[in-house]
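Participant: Residues per chain, in single letters:
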Amino acid sequence: MNEHINNKLVSYKDKIKAIRKDFPILDIRLDNKPLVYFDNAATTQKPQQVLNAVADYYNTTNSNVHRGVHRLSNQATTLFEEARKTVAEFINAGEAEEIIFTRGTTESINLVAWSFCELFLNQGDEIIVSELDHHSNFVPWQMACKRKKATLKFIPILPSGQLDLNKFEELLSEKTKIVAVGHVSNTLGTINDIESIIELSHRRNIPVFIDGAQSAPHLKIDVKRLDCDFYAFSGHKMYAPMGIGVLYGKKEILQKLIPYQFGGEMVETVGFDDTTFNQLPYKFEAGTPNVGGAVGLEAAIKYINSIDRDFIFEYENLLKDYTSRRLNQIEDLDLLANIENKVGVFSFNVKNQHNYDVGVLLDNFGICVRTGTHCTQPLMQKLNILGTVRASLSFYNTVEEVDFFIESLKKVISILK
Amino acid sequence: MTIEDNIQSIKDQFSQFDDWLDKYNYLIELGKELPLIETKNKTEDYLIKGCQSRVWLYPEIKEGKLYFTADSDAVITKGLAALVISVFSGNPPAEIFNAPTDFINEIGLTEHLSPTRSNGLVSMLKQIKLYAFAFQSKI
Numbered sequence: 001m002n003e004h005i006n007n008k009l010v011s012y013k014d015k016i017k018a019i020r021k022d023f024p025i026l027d028i029r030l031d032n033k034p035l036v037y038f039d040n041a042a043t044t045q046k047p048q049q050v051l052n053a054v055a056d057y058y059n060t061t062n063s064n065v066h067r068g069v070h071r072l073s074n075q076a077t078t079l080f081e082e083a084r085k086t087v088a089e090f091i092n093a094g095e096a097e098e099i100i101f102t103r104g105t106t107e108s109i110n111l112v113a114w115s116f117c118e119l120f121l122n123q124g125d126e127i128i129v130s131e132l133d134h135h136s137n138f139v140p141w142q143m144a145c146k147r148k149k150a151t152l153k154f155i156p157i158l159p160s161g162q163l164d165l166n167k168f169e170e171l172l173s174e175k176t177k178i179v180a181v182g183h184v185s186n187t188l189g190t191i192n193d194i195e196s197i198i199e200l201s202h203r204r205n206i207p208v209f210i211d212g213a214q215s216a217p218h219l220k221i222d223v224k225r226l227d228c229d230f231y232a233f234s235g236h237k238m239y240a241p242m243g244i245g246v247l248y249g250k251k252e253i254l255q256k257l258i259p260y261q262f263g264g265e266m267v268e269t270v271g272f273d274d275t276t277f278n279q280l281p282y283k284f285e286a287g288t289p290n291v292g293g294a295v296g297l298e299a300a301i302k303y304i305n306s307i308d309r310d311f312i313f314e315y316e317n318l319l320k321d322y323t324s325r326r327l328n329q330i331e332d333l334d335l336l337a338n339i340e341n342k343v344g345v346f347s348f349n350v351k352n353q354h355n356y357d358v359g360v361l362l363d364n365f366g367i368c369v370r371t372g373t374h375c376t377q378p379l380m381q382k383l384n385i386l387g388t389v390r391a392s393l394s395f396y397n398t399v400e401e402v403d404f405f406i407e408s409l410k411k412v413i414s415i416l417k
Numbered sequence: 418m419t420i421e422d423n424i425q426s427i428k429d430q431f432s433q434f435d436d437w438l439d440k441y442n443y444l445i446e447l448g449k450e451l452p453l454i455e456t457k458n459k460t461e462d463y464l465i466k467g468c469q470s471r472v473w474l475y476p477e478i479k480e481g482k483l484y485f486t487a488d489s490d491a492v493i494t495k496g497l498a499a500l501v502i503s504v505f506s507g508n509p510p511a512e513i514f515n516a517p518t519d520f521i522n523e524i525g526l527t528e529h530l531s532p533t534r535s536n537g538l539v540s541m542l543k544q545i546k547l548y549a550f551a552f553q554s555k556i
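Protein chains in written order, with the working numbering: chain A, 1 to 417; chain B, 418 to 556.
This is chain B alone, in the form it adopts within the complex (with noise of 0.2 Å):
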């Protein structure tokens, strides 16, 4: 599944939901099935900054793919995480760096998210793309 697949499928997923309760709901069960981060990667080195719930984000190259782990103390950034994570994860590390980042305010959600200090969805969504621009590099 490419990137712009992943994004259509969430997006998809998202439109059959009309009460904002179902939405979260979902993104709750979602959270319950993150890959979670190793305890031993749930360090500050991987602590996102700028959460008022903490998010750890663990970035890993297999084959040229980057893949991502994540977990977090709130269950509704955790099922944020889940989110941009199983729209990114698992894709070579360009292609994360290129991809579009505004299907998140298509599945409306980020109406009842502020962008800032509460739930880290923009410093996760910029951490994983400096992940990809470093991998990327690396390559």
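Isolated chain A, as found in the complex (with noise of 0.2 Å):
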């Protein structure tokens, strides 16, 4: 089995040195080494195609969209367009229309969170988020449960770092008004089994919202299959520029929702007394939107598209094998939800020492890792550590810098000693 990897490893070697160059991020170097960055779960690099789409974009084109007559503004519109059909492809979305651009996951969650629970959440209802869940798929909905007098349950974790369905089965009940999970665990990196998580919930009639942000650059996303309800991602952590990221939401939910921003080319009709709002999907896109990072976006799918997400999701998953072979040779570490079931994220610490302090010394062999809570604090009260170190993996790492981080690890052990 571990001969098949390194074969396998070893076959695409060029492809991803191809790859590599398609960054030119990752050719800097910090202190004369060079830049191993994996801190992907944070934010990717990005490609020169991206880069040049995002350059051309503002060198050509750049003007408001929607409501100009001249050329440019036609132009940009017709660009920002589409950008949205090519994310509604992306994820196999039935319209454009269901696709809203946002600043992030995180405004898609908050968008929902307000929108949904405005209409739908009473006193005493419910709304189940996870133990796993980052804060922005958790403050949004304990804030909305605030505001009503609901009650937030979490689906508890087991100690693999999945999360117990029996126990989310019993927490499903009349009083539940949604559901919301992310897909991946950005700490963790373990694939939550949201197939079953919204084939329960819909049994019950309860709507399902899925937070992407840390799936989309790793696995084949199709909504219409998935049945959720919502879809969130960022452009950023899928090697699209920051600032832009997507909503996806089933149009006959969307289009009961009320808006909760205002203004631009979300209003229908403005009068003394009443406004009226647009139809889907800019009823939901206030002010003026992030043109330059929509087309940055769909220039970050079709370099996706064009190296293949097949492709993406085997050499990902090769890498995630070796990477995790190689850290449990190493004595004194522990490593979280230590299974197969996840993407290359990493997540540990070395016994009796401080992630920080690990975190630190790994940036001064050119090693960019996360460490602290990774803005999952619930989580770590749960598991009753402060933090962890973080390594998460990208589709142009390598089995090279792999090797290296390990042997910097094991180093940076030796000195905490």
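It cannot be assumed that every hint is accurate.
Dumping the calculated SDA-like pairs for lysine to any residue here, alpha-carbon to alpha-carbon at most 25 Å [unchecked claim]:
| # | chain 1 | residue 1 | chain 2 | residue 2 |
| --- | --- | --- | --- | --- |
| 1 | A | Lys411 | B | Lys449 |
| 2 | B | Lys459 | A | Met380 |
| 3 | A | Lys175 | A | Ser196 |
Please keep in mind that the hints were generated in silico from the structure rather than gathered at the bench.
Assemble the dimeric complex from its two separately framed chains, guided by the hints.
Facilitator: Rendered as structure tokens:
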């Protein structure tokens, strides 16, 4: 098995070498050491194709969208709406109207947590999130519950780092108004069984919101097959610029929801006494949208498609298995969620050492990892730890980088001992 | 020793190291010699907010001079605490309040230490200045 993984990884060496040429930042050096970027769960690097698309847009087309009569505005509008179609195809949404551009996953969640709960959540109702969830898919629901005097319930995690679906089923009730869970844990990398969560919820006609911030870069997303009611993700975690994100929602639900931000293209008519709102998707896109960001996101999707998502999945899986094996060979390491059903996110602690010390020393080897609570403080409380070191991989990472990381980590452990 | 003397001594010490590893090893050693805060004072009141690692900093005034003890759960942060305490502790509050802090940039560590939430160095220096200001007005 190990030999098979190694052979496969060797066979992809040239392809990865070629891919890395698309990412200019991967060539920089830190203190004359090659950059090893293992903080991809926080944000990914951008390929030249995305950088060019954004620069081209600002160099040749930049204009405000939708209401201009001049040609630049029309061109910008066309690009913006083409980007929406590309996003819809990427996640297999039924229609482009189901795609709302936001600033990112966090804004997408806040939008639904306000708009949905304003309409459908009442005193005594319940919302279910999980103990694994990122603050962005935690706090907006917590605040909605406080606002409406409802109760927030949590799907507990098993020692493996996976969600306890038996307990989840017990939590579902007539009071449950929405279930909101992450597809992939940003801290542990575990892939949640959202298919079962959606199925169990839908049996009771409860809508499901999926936070796809950590899954969109790694897994094939098919919202029709999943049958989820909402799906959110961020551009910057999938090779697009920061400040652009997506909210997918089923049209029939989105049509019912009321907007939570007002002004700009989202209005239809405004009078002294009242205002009517535009149709989908514009009614949720108040103010001037991030057109350059949408253009960059479309370029990122085209780039991902050009590499082939099946290949990305296979290579990242091989690299994950290889990294897992090497990390498991290090003594004095507590590796969380040490299971197979995960993406290439490794959260660990060196026994008796603080995650911060490990992160600072790895940085001096030119290795970028994350340390701390990873915006999952409730999870840290549950696990009774202060934080972890997190190394998160992308398809542009190499076996050589993993080897250097492992050898550097061993040195860091010996320095701290 | 004045604060200026202490700063010069720290600069001299760090200028001897070419390798980053030596700087960190020295910092970690400094942490081991840190005047430790008494357990009874290791409370929320003396915890510096905003650090990825936790730092407790306790001030005490004796005969008109301000002394600090500290602790941290991360060894690098503990070393940084030892470093700043060795510069400021045992001096009159007014002198501590008016003393420069840019020596931190000159010893070649800050490029490796994030300035915001991570190591709390900025928070530590700010807290030392706040204590100095508070005790200055009490004298």
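Participant: Against this structure, judge whether each hint is valid.
Facilitator: Here is how each hint holds up against the structure:
1. Lys411(A) - Lys449(B): Between Lys411(A) and Lys449(B) the Cα gap is close to 20 Å, so the pair holds against 25 Å.
2. Lys459(B) - Met380(A): With Cα atoms ~22 Å apart, Lys459(B) and Met380(A) stay inside 25 Å; holds.
3. Lys175(A) - Ser196(A): It holds: about 20 Å lies between the C-alpha atoms, which stays within 25 Å.
Checked against the numbered hints given earlier, this structure breaks none of them.
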